[in-house]
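K.L.:
Each chain, written out:
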Amino acid sequence: MNKPVVLTESYAAKFEMDVLGVILSMKHEVRVMQGQGSGSIINISSTYGHEGAAGASIYVGSKHAVEGITKSVALEIAKSGIRVNGVAPGPTDTGMLTRFTGTPENKAALVTGVPMARLGLPEELANAIVFIASDKASFITGHILNVDGGHTAN
Amino acid sequence: MNMPVILITGALTGIGRATALAFADAGSRIVISGRHDDAGQAFATELRALCADVLFVRADVRREGDVRNLVDKAVERFGCLDVAVNNAGTEGKPGPLTEQTAESYAATFDTNVLGTILSLKHEMRVMLAQGHGNIVNLSSTFGSHGAAGASMYVASKHAVEGLTKSAALEGAGFGVRVNAVAPGPIETELLNRFAGSAERKAGAIAGVPLKRAGKPEEIAQTIMFLASDKVPFITGQIVGVNGGKTAA
Chain U
147 MNKPVVLTES YAAKFEMDVL GVILSMKHEV RVMQGQGSGS IINISSTYGH
197 EGAAGASIYV GSKHAVEGIT KSVALEIAKS GIRVNGVAPG PTDTGMLTRF
247 TGTPENKAAL VTGVPMARLG LPEELANAIV FIASDKASFI TGHILNVDGG
297 HTAN
Chain Y
-16 MNMPVILITG ALTGIGRATA LAFADAGSRI VISGRHDDAG QAFATELRAL
34 CADVLFVRAD VRREGDVRNL VDKAVERFGC LDVAVNNAGT EGKPGPLTEQ
84 TAESYAATFD TNVLGTILSL KHEMRVMLAQ GHGNIVNLSS TFGSHGAAGA
134 SMYVASKHAV EGLTKSAALE GAGFGVRVNA VAPGPIETEL LNRFAGSAER
184 KAGAIAGVPL KRAGKPEEIA QTIMFLASDK VPFITGQIVG VNGGKTAA
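Chains U and Y are the protein sequences, given in the same order.
Counting from 147, one number per residue, gives the positions in the first sequence under the numbering used here.
Counting from -16, one number per residue, gives the positions in the second sequence under the numbering used here.
It should be emphasised that the hints constitute simulated quantities derived from the structure, not laboratory data.
Hints may contain errors.
Here are the simulated DMTMM-like pairs of lysine to aspartate or glutamate, each with C-alpha atoms no more than 20 Å apart in a straight line [to be verified]:
1) U:K160 to Y:E47
2) Y:K198 to Y:E170
3) U:K253 to U:E162
4) U:K173 to Y:D49
5) U:K173 to Y:D20
6) Y:K76 to Y:D55
7) U:K225 to Y:E82
8) Y:K76 to U:E251
9) Y:K76 to Y:D65
10) U:K225 to U:E162
11) Y:K198 to Y:D212
12) U:K160 to Y:D93
13) Y:K213 to Y:E82
14) Y:K56 to Y:D20
15) U:K160 to Y:E172
16) Y:K194 to Y:D212
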C-alpha cells in the first residue's frame, strides 16, 4: 500500500531542481538563441509528466510542470526560429530508476506496464533527443515525445 | 442525516465564492477560508442568511501551519470532513520566460502548487482515516495546454493535474476520490488580471467556440457534481469546463 508521504522540504527540493532549474536554464538558452535566430531546446519529462503515480505525487507534479513550461515557451518563441520540445522516457535503466524503485523487485515490476516487456536504455533516449534536436525535426515544436516501449499507447 | 461538511479554500472571491454560494442551502455545513478576516466574516454572515451553518477560518495556503489549523478547525467544529475544494490560486505575474526569476516562479508556485500540496496532505490525513472523502482541485485549460507569456501559470496548473492524478491513485483504495475542474476563461477578477487588457481578454474569449466567457456559477455546478455521491466511479479525472475550447 502506498501511503502519501509529503513534506514541504521534499516539495522545494524536487521542484527547485526539476522545475526552477528548467526555467532558469531555458531563460538563458532562449536569450542566446533569440540573438542567433536559431536553436533547439529539449526538456526531459517522464511518463509521469502526463500520468499519475501513487507515492510519487511531488515527482509527478514536477514533471507535469516541465511539460507545461515546454509547451508555453514553444508557443512564445515559435516565430523566432527556436524549437522547444520534451522527451518523456518510460522506465529507463539508469541509476535514478534504481534509486526511485528502491528494490530489484519494484524495478522489475515496472516492466509489467511496458508492452515491450523491458526497460529502455539511456542510448535509446539519447537517439530520440538527437533526432528532435536536429534539422530533421524542423516542424516539431511544443511536442512531448514518449519513449516508453508502448506504455502510453495502452 | 447530516448534510456533508464542505471545505473551500480561496472562498472569498470568484469561483470559490460562487462555489460556497452554490453549496449553501438549508442545513449545509460549510467551512470557508481566505486570507482576509473582514471579508471572510462578512461572507460567512451572508451564507448564514441562506440557512447554511458556516465557519470562516483565516488561512494562507502557502503556510502549512495555517492549512493544518484550517482542516483541524473544520473537523473540530463539524466532526468530519466530507468534501474539500482546493480553489485558492493566483495568476502570478504573466510575462515571457525570458523575464522570469526565482521570485516570479515562487509567486505562482507557492500558492498554486505548494498550496494545493499542503491542502491535499491535511485533507487526505483526515479523509483516509475516515475511509471516505471527496476532493476537487482547480486546474485550468492551461493545465494541459501551453500559453505564450504565461509559462509559470501554465506549469503550475500542469503540476496541479499531476498532483490530482497521483492523489487519486493513493486515495483509491481508501474511499477517497480526487478530481479537478479545468475552467476555460471565466468572468472573474483573476481573468481580468491574467489577460491584462480588454483586447487580450476579448482575444481569449474569441478562442472559445461558445463565444463567451464562462460564469463562476457554471464552474461551481461542475464542482458540486464531482463532489456529490452521484459519481463514485469518477476519480483522477480532469473535467474541462471551457465552452468547447479543448474540443478544437
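K.L.:
All hints are to be evaluated individually against the structure, with a verdict given for each.
P.N.:
Here's how the hints hold up against the structure:
1. U:K160 to Y:E47: holds, 18 Å
2. Y:K198 to Y:E170: holds, 6 Å
3. U:K253 to U:E162: violated, 26 Å
4. U:K173 to Y:D49: Violated. K173 (chain U) to D49 (chain Y) sits at ~34 Å, over the 20 Å cutoff.
5. U:K173 to Y:D20: violated, 39 Å
6. Y:K76 to Y:D55: violated, 32 Å
7. U:K225 to Y:E82: Answer holds: K225 (chain U) to E82 (chain Y) is near 18 Å, not above 20 Å.
8. Y:K76 to U:E251: violated, 45 Å
9. Y:K76 to Y:D65: Cα-Cα ~34 Å, so violated.
10. U:K225 to U:E162: violated, 29 Å
11. Y:K198 to Y:D212: Violated, at roughly 24 Å.
12. U:K160 to Y:D93: It holds: about 14 Å lies between the C-alpha atoms, which stays within 20 Å.
13. Y:K213 to Y:E82: violated, 46 Å
14. Y:K56 to Y:D20: Given pair K56 (chain Y), D20 (chain Y) holds - Cα atoms ~16 Å apart, limit 20 Å.
15. U:K160 to Y:E172: Cα-Cα ~32 Å, so violated.
16. Y:K194 to Y:D212: With a Cα-Cα distance of about 32 Å, the restraint between K194 (chain Y) and D212 (chain Y) is violated, given a limit of 20 Å.
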